[in-house]
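**Q** Chain by chain, the residues run as shown.
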Amino acid sequence: MTATRQFGTFAVVFAIVYPIVYIAATEINLAAFTYHSALGQFTSGPTKPINGPAMYWFGWITTSAIVAAVIAGIAAYLPGSLLQKLPAATAWVVPMVAMVVAAGLMINMYFTR
Amino acid sequence: MEWIFLLIVHGLLAVALLGAITHQAVAVWWPVQAGAGTFVTKFRAVPSTSYVTAIIVLYVLTALLGAFIYTHYTISARIAIIQLQLWKPYGLFEIKEHFAALGLAILPAYWYFWRVPNAPGGANARAMLTAILAIIVWWNFLVGHIINNLRGFA
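Quick note, the sequences are listed as chains V and B, same order.
Mapping the first sequence onto this note's numbering, position 71 (from 1) lands on 71, and the numbers just tick up by one.
Quick note, this note's numbering runs 1000 ahead of the 1-based positions in the second sequence.
Note that these hints are calculated values from the structure, not bench results.
Don't be surprised by glycine CBs; every beta carbon is placed ideally from N, CA and C.
Take these hints with a grain of salt, some might be off.
[Claimed, not checked] Here are a few chain B residues that sit away from chain V, every Cβ distance over 12 Å (derived from the structure):
| hint | residue |
| --- | --- |
| 1 | I1004 |
| 2 | L1006 |
| 3 | V1026 |
| 4 | T1074 |
| 5 | P1089 |
[What the hints assert, rightly or not] Okay, the calculated bits of chain V under chain B, using three or more residues with CB under 8 Å as the criterion:
| hint | segment |
| --- | --- |
| 6 | 5–15 |
| 7 | 58–68 |
| 8 | 89–102 |
Just chain V, same shape as in the assembly (with noise of 0.2 Å):
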């Protein structure tokens, strides 16, 4: 039951610190790593492109999911219940916000070209 309640405690929290962390890593670039596709090569942080493209999209899914794992697993061992005071609802409206606020600044960079 404590296991099932911390498990509850740490998606909760990561659902929300994931979002938020993702749409900063995009915004300033806090990518973790680089990958340079046309080389085939990492490398670390946000670096700029070397003779070709370079994506940031995987280190700002690795930079948001560690960040979200570490934040989220201590919020788990935290004493007292946690979920108690967390309403449930942040778990979906924390992210469904950074998706509207991802889409809209696609459409501002792209459609208003």
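Following the hints, complete the assembly by docking chain B onto the known chain V.
**A** Positioned in the frame of chain V, the structure of chain B alone reads:
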């Protein structure tokens, strides 16, 4: 040639995922009140919980394969789309990319609220998380088709 094969497998996985998540979303948002009869009623009457693990596995597999194909897309189809200045399809694909990544965020919560049905606020969270996943999967499926139609299997 191997990229075409991988793209077809990616598409087939996406079809399976699309079917599973649509079944589940319809069953959650439009549940059957009486006994199953017509095709539509039977479609709505699936045991939703049994789909959870399959949907998570299919989502992760489809995303992983899509991510691998994405490395080739950036040095092939994407270049042509930029040269042709097809900014709206390009933007649609960028949204697909972000939606796929954001979908990963909700998978643990999606699993939790389906597996622990009596969790506080669980019914609402379960329905909304399923709807969000369904929106992501439908968007990504349709945009993937649009991009593929633009550049074929290039």
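**Q** Confirm or reject the coverage of the segment 58–68 of chain V by chain B under the rule of 3 or more residues with a beta carbon closer than 8 Å to the chain's beta carbons.
**A** holds (count 6)
**Q** Minimum C-beta separation from P1089(B) to chain V exceeding 12 Å: can you confirm that?
**A** The assertion about P1089(B) is violated, with a minimum of 9 Å to chain V.
**Q** Confirm or reject the coverage of the segment 89–102 of chain V by chain B under the rule of 3 or more residues with a beta carbon closer than 8 Å to the chain's beta carbons.
**A** Coverage by chain B holds for the segment 89–102 of chain V (8 residues, Cβ < 8 Å).
**Q** Does the claim that I1004(B) lies off the interface hold, with its Cβ farther than 12 Å from every Cβ of chain V?
**A** Since the minimum Cβ distance to chain V is about 18 Å, I1004(B) lies beyond 12 Å and the statement holds.
**Q** Compute the least Cβ-Cβ separation between T1074(B) and chain V, then decide whether it is above 12 Å.
**A** Since the minimum Cβ distance to chain V is about 5 Å, T1074(B) lies within 12 Å and the statement is violated.
**Q** Using a Cβ cutoff of 8 Å, are there at least 3 residues of the segment 5–15 of chain V near chain B, or does the coverage claim fail?
**A** Coverage by chain B holds for the segment 5–15 of chain V (7 residues, Cβ < 8 Å).
**Q** Please verify that the nearest CB of chain V lies beyond 12 Å from V1026(B)'s CB.
**A** holds (18 Å)
**Q** Would you check whether the claim that L1006(B) is not at the interface survives, using Cβ distances to chain V and the 12 Å cut-off?
**A** holds (15 Å)
In this structure, the hints that do not hold are numbers 4 and 5, in rising order.
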